[in-house]
Amino acid sequence: MQPREMFYQSAASGDSSACAVYLQQLYNSSGAKGFASCRSFLLEFARQDENNSVQFLWSILLSAWNDATSPILYVLLMTLEELEKKIHVQPTAPQIRDSLFEKILAALRLENIVDVKVVAKAIGICKFADIPQTYLLEYANHLLKNKDGFTALLKCVEVYPRCPWPYNSFIEQLTANNTWSIAEQLVNVVRESGNLETTRDLQVILVHQALEKSDLKRAHRYVTQFNLHADFPNVENVVREESLEKLCSQKKWSLAINFVGNNAALQVQLFRKLVAAGENTMANKVHDKFQLEIEKAPEDAGTLVEKFVEIPSSVSIELVKTLETVVTMEQYINDIRCHEEIVWMGIDAEWKPVFRKDDHPFASVLQIAVGTKVFILDLIALSESQGVFTILHQLLTDATIIKIGFGFAHDLRVLRHTFPEMNACFRQIQALIEMKDVLHAAFPNYHGKGLSSATSIVLGASLDKTQQVSNWHSRPLSQPQLKYAATDAWCLVHMIREIYANNPTLVVSMQQSVKMNEHEDLKSAQEIAGIVERRRAQFSQEKEIDPVVEYVQSRTPSCGAVKLWPLEHFVVTPDTYLSLNTICLMTQDSAPHVVVLPQSGKVDLALFAQASGCPRRRVRLATAQECIEVFGYIPGSVPPVAHASPVQVWIDLSIMETELPLLAGGGLHHLIECSNSESLKELCGENEVKVAALCKGSSNAAATSDDNKLRFLSDSNLGKVSRWLRMRGVDIVQFDDLDRSKFLDQAITEKRIILTSDRKLAQRRSAAAYFLVSSDDPRKQFPEIIKHFGLSTTGEVSEPRCSRCNCDGFRMVDRETARNAQRIPEETLETISEYWQCQACKKIFWTAWKRFQAMRFQDKQADDSVDDSGDVDGADNREDKA
Numbered sequence: 001m002q003p004r005e006m007f008y009q010s011a012a013s014g015d016s017s018a019c020a021v022y023l024q025q026l027y028n029s030s031g032a033k034g035f036a037s038c039r040s041f042l043l044e045f046a047r048q049d050e051n052n053s054v055q056f057l058w059s060i061l062l063s064a065w066n067d068a069t070s071p072i073l074y075v076l077l078m079t080l081e082e083l084e085k086k087i088h089v090q091p092t093a094p095q096i097r098d099s100l101f102e103k104i105l106a107a108l109r110l111e112n113i114v115d116v117k118v119v120a121k122a123i124g125i126c127k128f129a130d131i132p133q134t135y136l137l138e139y140a141n142h143l144l145k146n147k148d149g150f151t152a153l154l155k156c157v158e159v160y161p162r163c164p165w166p167y168n169s170f171i172e173q174l175t176a177n178n179t180w181s182i183a184e185q186l187v188n189v190v191r192e193s194g195n196l197e198t199t200r201d202l203q204v205i206l207v208h209q210a211l212e213k214s215d216l217k218r219a220h221r222y223v224t225q226f227n228l229h230a231d232f233p234n235v236e237n238v239v240r241e242e243s244l245e246k247l248c249s250q251k252k253w254s255l256a257i258n259f260v261g262n263n264a265a266l267q268v269q270l271f272r273k274l275v276a277a278g279e280n281t282m283a284n285k286v287h288d289k290f291q292l293e294i295e296k297a298p299e300d301a302g303t304l305v306e307k308f309v310e311i312p313s314s315v316s317i318e319l320v321k322t323l324e325t326v327v328t329m330e331q332y333i334n335d336i337r338c339h340e341e342i343v344w345m346g347i348d349a350e351w352k353p354v355f356r357k358d359d360h361p362f363a364s365v366l367q368i369a370v371g372t373k374v375f376i377l378d379l380i381a382l383s384e385s386q387g388v389f390t391i392l393h394q395l396l397t398d399a400t401i402i403k404i405g406f407g408f409a410h411d412l413r414v415l416r417h418t419f420p421e422m423n424a425c426f427r428q429i430q431a432l433i434e435m436k437d438v439l440h441a442a443f444p445n446y447h448g449k450g451l452s453s454a455t456s457i458v459l460g461a462s463l464d465k466t467q468q469v470s471n472w473h474s475r476p477l478s479q480p481q482l483k484y485a486a487t488d489a490w491c492l493v494h495m496i497r498e499i500y501a502n503n504p505t506l507v508v509s510m511q512q513s514v515k516m517n518e519h520e521d522l523k524s525a526q527e528i529a530g531i532v533e534r535r536r537a538q539f540s541q542e543k544e545i546d547p548v549v550e551y552v553q554s555r556t557p558s559c560g561a562v563k564l565w566p567l568e569h570f571v572v573t574p575d576t577y578l579s580l581n582t583i584c585l586m587t588q589d590s591a592p593h594v595v596v597l598p599q600s601g602k603v604d605l606a607l608f609a610q611a612s613g614c615p616r617r618r619v620r621l622a623t624a625q626e627c628i629e630v631f632g633y634i635p636g637s638v639p640p641v642a643h644a645s646p647v648q649v650w651i652d653l654s655i656m657e658t659e660l661p662l663l664a665g666g667g668l669h670h671l672i673e674c675s676n677s678e679s680l681k682e683l684c685g686e687n688e689v690k691v692a693a694l695c696k697g698s699s700n701a702a703a704t705s706d707d708n709k710l711r712f713l714s715d716s717n718l719g720k721v722s723r724w725l726r727m728r729g730v731d732i733v734q735f736d737d738l739d740r741s742k743f744l745d746q747a748i749t750e751k752r753i754i755l756t757s758d759r760k761l762a763q764r765r766s767a768a769a770y771f772l773v774s775s776d777d778p779r780k781q782f783p784e785i786i787k788h789f790g791l792s793t794t795g796e797v798s799e800p801r802c803s804r805c806n807c808d809g810f811r812m813v814d815r816e817t818a819r820n821a822q823r824i825p826e827e828t829l830e831t832i833s834e835y836w837q838c839q840a841c842k843k844i845f846w847t848a849w850k851r852f853q854a855m856r857f858q859d860k861q862a863d864d865s866v867d868d869s870g871d872v873d874g875a876d877n878r879e880d881k882a
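Heads up, the sequence shown is in the UniProt record's numbering, so the first residue is 1 and it goes up one at a time.
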């Protein structure tokens with residue numbers, strides 16, 4: 001007989017123990033659907049005689065409790081909870097309730113092992129009023145030891161709100177485990193219990209915890225969500241400063257000027273960034289524009305170079321590629337140990353960037369800075385040498401050598417994943433000082449995330465991060481790569497020495513031991529073999545011969561010579577060559593294109609769209625991931641030839657008209673010199689390359705003026721406020737593509753500031769500026785945007801734009817044309833004689849917009865001016881230009 005029939009027979013005889021056995025059999029026989037099958041069966045059983053069936057299910061629960069690990073306990077509790085919500089049942093029999101109470105007490109005292117979900121669910125259903133608070137508090141401590149118990153803890157707090165729970169400790173432990181959502185739910189549970197004072201205290205703690213973890217976006221969200229601006233007045237500025245820092249680091253000055261808006265602190269920061277970058281003339285224009293109350297920059301300062309950390313000439317960089325050179329490195333470190341009281345070792349690792357969550361990076365470079373040397377270990381060349389990793393393990397676990405890292409726990413995991421077969425190497429590191437921890441202790445106001453911001457604080461100069469997304473698997477490593485890698489490790493030693501000189505006790509106390517978790521490191525022999533195979537395959541893909549060298553050597557252009565120059569040995573004289581840029585583009589069919597244009601020019605995407613026959617909105621810049629995967633190079637180093645995939649090459653017409661020799665980038669290691677434009681065309685594939693006028697030039701005055709104009713790209717859920725801003729004459733495009741990954745690309749390409757209420761999107765931003773609106777209400781969003789960017793609040797609109805499509809072109813039409821173009825109320829047609837039609841979308845407006853111009857979208861008056869539909873005065877209307 002089947003378990004179902006046996007269950008019914010046992011139920012008829014009142015044998016709850018047998019029913020528990022048959023229910024377990026049904027669960028086991030149903031496989032992955034065991035939970036759903038048992039729940040449906042129990043609900044069907046309960047419908048026959050609701051009250052008696054429910055009482056019998058409680059008896060089955062008690063019988064099943066003898067095996068406290070059985071999954072049917074939770075099935076029974078879920079079913080009983082659902083039945084009590086759907087039907088009116090008699091109270092549980094006292095005998096059953098008393099027995100269950102004793103079992104719950106035993107579970108709370110940890111006398112037997114019961115799934116925490118079962119205990120929490122039973123407490124939630126039964127709500128025993130006489131459970132001693134000491135039992136609850138001890139059980140809560142038990143629940144906090146494992147993430148699986150966090151949800152059960154919430155249920156206990158919800159059922160027993162009068163228990164003196166240590167809420168502060170709960171929040172700190174939950175956030176320490178990065179279970180922010182559970183911490184937020186805990187705050188909501190406390191708020192729903194009516195304890196408002198404790199709720200606010202917990203909200204403040206949440207912000208503090210986010211700040212301690214340098215999670216500024218989360219802290220900003222909490223400050224806005226809980227209205228804690230008075231408690232944390234600086235959080236808003238810190239988030240804005242981070243965005244401005246990103247724009248300034250990429251020298252997007254026009255966007256930065258627009259971004260700072262009316263924020264006085266950001267205005268001053270931008271001024272100082274411009275001065276530091278040597279842009280004194282522009283800095284003084286910013287000074288005059290915002291009427292800053294600080295001293296102007298000297299006009300005769302000339303063009304300065306942004307200050308970066310530089311390794312002194314006394315420090316040598318040594319590339320390590322053999323076991324013999326690793327032994328030499330070990331001997332050098334031992335010599336340092338004999339002559340110096342403290343041995344400081346800066347340590348860092350590099351790997352080829354990955355862009356998918358399921359991709360695991362393989363570390364290919366390890367940097368060790370000690371004494372007056374920086375050793376760059378080529379892990380690709382050393383990957384098969386067991387002796388190398390034995391020496392590395394000894395160095396990493398030597399407690400007499402103090403290692404300094406920046407986020408090195410993550411580097412250690414990557415290194416261990418790359419070389420899982422190398423016994424104990426990279427499983428742990430002794431005497432490690434995490435620079436992030438030191439900075440937070442030494443500089444309480446430090447909120448930086450990267451190593452560059454750390455060097456700015458301690459050394460007064462940032463790091464040149466142009467090689468950050470290099471292909472670190474490519475061999476040979478370029479001179480810029482070697483310098484970048486060495487600087488990262490050397491600056492760690494330099495910083496720790498600076499801090500140690502001022503506070504030695506702090507630095508010494510920061511030493512720690514980092515060890516891989518067993519569940520992270522536990523891999524079967526088969527898994528290890530698979531990782532090693534993938535690593536070897538990935539490392540072997542990188543050739544010693546440069547693809548640009550191979551390509552040029554395979555071509556012999558007949559129209560003039562083509563030469564390759566090593567990048568580090570070539571000095572460009574501006575009047576001698578026409579320097580070229582290559583821009584990577586993608587079109588609607590994901591086809592890759594490379595546009596070659598003069599370095600002083602700028603690609604006009606509208607002209608490119610016209611030449612390629614692709615709609616303008618479907619043309620975009622390639623992402624960093626596409627540059628690497630499709631074109632085969634990191635951004636900024638893509639040559640006009642030798643790409644990883646078939647690419648359509650375009651040459652700007654102005655290049656073909658020059659008589660100067662040409663100089664183009666040749667990847668990471670070379671420059672390509674072409675004696676004339678014809679040799680460049682032939683090198684790129686004379687029959688395949690296309691020539692067109694694609695460059696709009698960087699000296700065009702109109703373009704310069706246009707760069708300084710506020711332009712926005714709004715998220716799809718900001719439609720109403722976008723329409724209102726267009727009525728104000730603001731150039732604002734609304735993103736309407738289903739592919740969210742293109743949002744940032746469009747903003748970067750069109751130099752627009754993103755307006756969004758999506759905090760996750762804001763966290764993913766790259767080179768684009770963004771403004772995160774703090775409210776979901778358009779009536780609050782509008783004045784917030786107007787105020788920050790200093791837009792006119794007087795209602796005087798010189799050039800309104802179409803509220804539907806953002807076009808700024810209109811033509812006057814008569815009444816009949818307007819009537820035929822769109823549906824207009826008869827009373828409007830009878831009273832209005834002048835109409836305006838958008839030249840793009842053909843929408844009709846009329847002179848009632850004059851009343852809109854007289855309105856004031858400020859504070860409470862905005863509520864009276866704008867109706868829920870987004871139209872003004874109940875009509876679509878247009879400024880009267882007559």
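The set of hints was computed from the structure by calculation and includes no laboratory data. Accuracy of the hints is not assured; some may be wrong.
[What the hints assert, rightly or not] Capping the alpha-carbon separation at 20 Å, the derived lysine to aspartate or glutamate pairs in DMTMM-like fashion look like this:
| # | residue 1 | residue 2 |
| --- | --- | --- |
| 1 | 321 | 241 |
| 2 | 720 | 682 |
| 3 | 117 | 81 |
| 4 | 147 | 192 |
| 5 | 145 | 192 |
| 6 | 780 | 808 |
| 7 | 217 | 192 |
| 8 | 127 | 192 |
| 9 | 252 | 241 |
| 10 | 720 | 659 |
| 11 | 321 | 310 |
| 12 | 483 | 310 |
message: Against the 20 Å threshold, does the CA-CA distance of residue 483 and residue 310 hold or violate the hint?
response: 9 Å, holds
- prompt: If you draw a straight line from the CA of residue 780 to the CA of residue 808, is it 20 Å or shorter?
  reply: 26 Å, violated
- request: For the pair supplied as a hint, residue 321 and residue 241, confirm whether the alpha-carbon distance does not exceed 20 Å.
  value: It is violated: about 42 Å lies between the C-alpha atoms, which goes past 20 Å.
Residue 720 paired with residue 659 [C-alpha distance capped at 20 Å]: The hint is violated at about 54 Å.
- prompt: Given the hinted pair residue 321 and residue 310, is their alpha-carbon gap at most 20 Å?
  reply: Violated - the C-alpha atoms of residue 310 and residue 321 are around 25 Å apart, more than 20 Å.
task: Would you check the hint for residue 127 and residue 192, treating anything up to 20 Å between C-alpha atoms as holding?
output: OK: residue 127 and residue 192 at ~17 Å, within 20 Å.
- prompt: Is residue 145 within 20 Å of residue 192, Cα to Cα?
  reply: Roughly 26 Å separates the two Cα atoms, so the pair is violated.
field: Distance restraint between residue 720 and residue 682, which requires alpha-carbon spacing of 20 Å or less
entry: 53 Å, violated
task: Compare the distance between the alpha carbons of residue 252 and residue 241 with 20 Å, and conclude whether the hinted pair is satisfied.
output: Judged against 20 Å, a Cα distance of about 15 Å means the pair holds.
- prompt: Does the structure keep residue 117 and residue 81 at a Cα separation of 20 Å or less?
  reply: Holds, at roughly 14 Å.
- prompt: Quick one, are residue 217 and residue 192 close enough, alpha carbons at most 20 Å?
  reply: 26 Å, violated
- prompt: Straight-line Cα separation of residue 147 and residue 192 no greater than 20 Å?
  reply: Distance ~24 Å between residue 147 and residue 192 Cα, so the pair is violated.
Hint compliance for this structure: hints 1, 2, 4, 5, 6, 7, 10 and 11 are not met, and every other hint is.
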